[in-house]
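*Asks:* Line order of the protein sequences matches chains A and B. For the first sequence, the residue numbers in the working numbering are 1 to 408. For the second sequence, the residue numbers in the working numbering are 1 to 322.
A few of these clues could be false.
[Said to hold, decoys possible] Straight-line alpha carbon distances no greater than 30 Å define the calculated DSSO-like cross-link-like pairs of lysine-lysine that follow: (1) A/Lys83 x B/Lys230; (2) B/Lys257 x A/Lys120; (3) B/Lys72 x A/Lys91; (4) A/Lys78 x B/Lys72; (5) A/Lys157 x A/Lys178; (6) A/Lys395 x B/Lys39; (7) A/Lys168 x A/Lys157; (8) B/Lys60 x A/Lys379; (9) A/Lys168 x A/Lys87; (10) B/Lys39 x A/Lys83; (11) A/Lys239 x A/Lys229; (12) A/Lys83 x A/Lys156; (13) B/Lys230 x A/Lys87; (14) B/Lys257 x A/Lys407; (15) A/Lys342 x A/Lys52; (16) B/Lys72 x A/Lys87; (17) B/Lys72 x A/Lys407.
Treat the hints as calculated values from the structure; they're not laboratory data.
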Amino acid sequence: MNNQKKARWSKFLALAAITPLVLTACGGGTTASSGDATTLTLMDYYNNDPDKGLIQSAIDKCATDIGVTITREVVPGKDLIQKVLQKSSSKTLPDILMLDNPDVQEIASTGGLAPLSDFKVDTTGFAQGMLDAGTYDGEVYGLAPTANTLGLFYNKKILADAGLTPPKTWDELKTTAKALTSGSQYGMAFSAVATYEGSWQFLPFMWTNGGSETELDSTQNKEALQLWKDLVDDGSVSKGAINWGQGDVKDQFMAGKAAMMINGPWQIPALNEDASLEWGSVQVPVNKAGQTPIAPLGGEVWTIPQTGDKAKQAKAAEFISCLTAGDTQVTLGAERYTVPTKPELAKEYVEKMPDMAAFTEQIANARSRTGNLGAEWPKAATTIYTAIQLVLTDKATVDEAFAQAAKG
Amino acid sequence: MTSLSTDPAVASSQRSGATSEQGAPKRRQGFWARENITKILFVVPAGLYLVLFFGYPVVKNLIMSMQDYTTKTFFTGEAPWVGFQNYVTVVSSNLFWPALLNTALFTVACIIGQFVIGLALASFFNRHFPLSRFLRAMLLLPWLLPLIVASATWRSILDQDSGILNQFLGTFGIPAIPWLTSPDVALLAVILVNIWVGIPFNVTLLYGGLQDIPEELYEAGELDGATGWKAFRHITWPNLRPVVSVVLILGVVYTIKVLDIILGLTNGGPANATQTIAVRSYQESFVNFEFGVGAAFSNILILISLVFAVIYLRANRRAVDE
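With the rest of the complex left out, here is chain A:
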């Protein structure tokens, strides 16, 4: 009898032990509480210093200005979208969300973001390219304090020793790069890797030549592709470029293994760490004299997710206005080597940062990647990098490459 009692007890205990498992499985999905708008949550992907700390001080300053405390969550860049999707299905999106600009339309199309006009955010005075990047269906969803783009970096010492000046046209680029190639030193470096980075590096050549992502199989785009192929076939660019990310390109440049490179201003802090390296930057060369260099716009925009808490959203809007205000733009731009997104600040900024003159000019005409295609951009980007890879590995001719790549 006693034994049976024990057995019954143990059964009960076993059940009790299992119950929490079942309950936790069914739980979760708490909704955001509303009302109190003095604390906001924020998510971004600046997970490395110096950016992490610089953004933190900008956040702190604006938080003080509008009288809120902000809890910041930093995730690694490549995890951000997955994190955003998870949070939108569990309805736990932060009050302020940073997104890489080509992702804004994708996320806005889900209905997860609030149009900034709902909260009377002033969107005038920003560069059109940057506004396009943050716009979906005619509504602006995100603003960026500063932007980056691509330009041509060159090693001043190597060019001076060879008696050469930075190239302005594609023909000059080819001859200069060829002349600078000797031994283990290549004349030029770019990233032709099989990711969006490769497509992004190709865009300045494609767009400057009048090409477009809406019609990839065009003469203009093929000419740009031919240029890259010529540079690799000449031996002026290493075949390794097929597998180099932009960080690798910078490493080659810093090691003196490339005399010129296509890269962005975010590499400048690293370049400056090597005191013996003298570098200069110009706009990306054009095919024919008279063309305007058009480069893609990079940078992160700040958005307001649809959390359902109007009071907090209004505060978030105030925060974004503060973060994208003129003085913040110049401060952040100077600290992070990025260009203010309000063209009226260009002069003041370049006076402060003479190194950034070429990039500031480049930004004025820069275009957003998603301006034309919106959420369809990833498909075009995939086609672009695939076409580059097909041509540089001799798997397709320049003529066939875009058509072949588009078949997926």
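Please build the complex by placing chain B on the supplied structure of chain A, with the hints as guidance.
*Replies:* Just chain B, lined up with the frame of chain A:
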């Protein structure tokens, strides 16, 4: 396997049940007998675990593969049913058959390489010599290294111009090999790196198997003239067979889904030369945000793994029966 191991337990509990029934007057009988409930309670935690962590994802993935599941779905919860459309998209895509072929080549080549080298190293370490323990521990290093770190390191080792491997080969007069930049060589390079990753797993299991072979067998064999290669063929190999089948089948299941190494080394390039089904699944889901198509790719992978899992279970049953 499971049925065999639980059999004695069932038998003993039936026996004890019989004695308690004799002792006490007849109480609850049939399905709700106390013993049955106790048994069920033992099974429930494992069952729940399986349902939550295996059943749910598999079923969810199956459903997802029949839906137009995009980024929008995460916010609205709406995913229109499209039936087998995603599978049609997958199979008719230009990259499907090349990716399937690459998956097969990758898996077969990796398994052969890992197993042969693993077995050779395991036999080597089976003869104890000074420092053998230390060296064996060192062999485990690739296993301890995060795959992202390993692939980044290998990427710089395999670089065409400045990579240490080509510089090493260059000293023998071998011209620079475009390891990761030529579509003809890239798959081979990825296979070599993955063999390096898989060797510790093979060595560890095979070494364990070798240790279990009684020394007396070799001594007896030696008397009959079976030494060296003969001893391996007639003593080591037959005794090692159960371990070999486990190593090979698990190896296939692990290798077929390899993703991080390929992403880290080539990201599917150059010119799609290292695309596998796993890479397609990842890129469709997390690069193109076509989660339905990505799920369809991964279900095809699950199906292939399932075939090998069934072979594994059958082989195991036969081994037990023997």
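*Asks:* Each of the hints needs a verdict: does it hold here or not?
*Replies:* Hint by hint, here is what the structure shows:
1. Distance restraint check for A/Lys83 and B/Lys230: the Cα-Cα separation of roughly 58 Å exceeds the 30 Å cut-off, and the hinted pair is therefore not satisfied.
2. For a cut-off of 30 Å, the pair hint linking B/Lys257 to A/Lys120 is broken: about 50 Å separates their Cα positions.
3. Using a Cα cut-off of 30 Å, the hinted pair B/Lys72 and A/Lys91 holds, with the two alpha carbons roughly 13 Å apart.
4. At roughly 19 Å between alpha-carbon atoms, A/Lys78 and B/Lys72 fall within 30 Å of each other, so this suggested pair holds.
5. Between A/Lys157 and A/Lys178, the direct Cα distance comes to roughly 17 Å. Compliance with the 30 Å bound is thereby established for this hinted pair.
6. At roughly 63 Å between alpha-carbon atoms, A/Lys395 and B/Lys39 are farther apart than 30 Å, so this suggested pair is violated.
7. As the CA atoms of A/Lys168 and A/Lys157 are separated by approximately 18 Å, the hinted pair is consistent with the 30 Å bound.
8. Under the criterion of a C-alpha separation no larger than 30 Å, the hint pairing B/Lys60 with A/Lys379 is consistent with the structure, at around 26 Å.
9. Between A/Lys168 and A/Lys87 the CA atoms are separated by roughly 47 Å; this puts the pair beyond 30 Å, and the hint is violated.
10. Between the alpha carbons of B/Lys39 and A/Lys83 the distance comes to roughly 41 Å, so the proposed pair goes past 30 Å and is violated.
11. Taking the CA atoms of A/Lys239 and A/Lys229, the gap is about 10 Å. The hint holds against a cut of 30 Å.
12. A threshold of 30 Å between alpha carbons decides the hint, and for A/Lys83 with A/Lys156 the separation of about 43 Å lies outside it, so the pair is violated.
13. In summary, the hint linking B/Lys230 to A/Lys87 is not supported, as the alpha carbons are separated by about 62 Å, beyond the 30 Å threshold.
14. For the suggested pair B/Lys257 and A/Lys407, the alpha carbons sit about 25 Å apart, so the restraint of at most 30 Å is met.
15. Of the pairs offered as hints, the one joining A/Lys342 and A/Lys52 holds, with about 23 Å between alpha carbons and a cut-off of 30 Å not exceeded.
16. For the hint linking B/Lys72 to A/Lys87, the alpha-carbon distance of about 13 Å falls within 30 Å, and the restraint holds.
17. Restraint check for B/Lys72 and A/Lys407: satisfied, since their Cα atoms lie roughly 25 Å apart, inside the 30 Å limit.
Going through the hint list in order, the structure does not satisfy hints 1, 2, 6, 9, 10, 12, 13.
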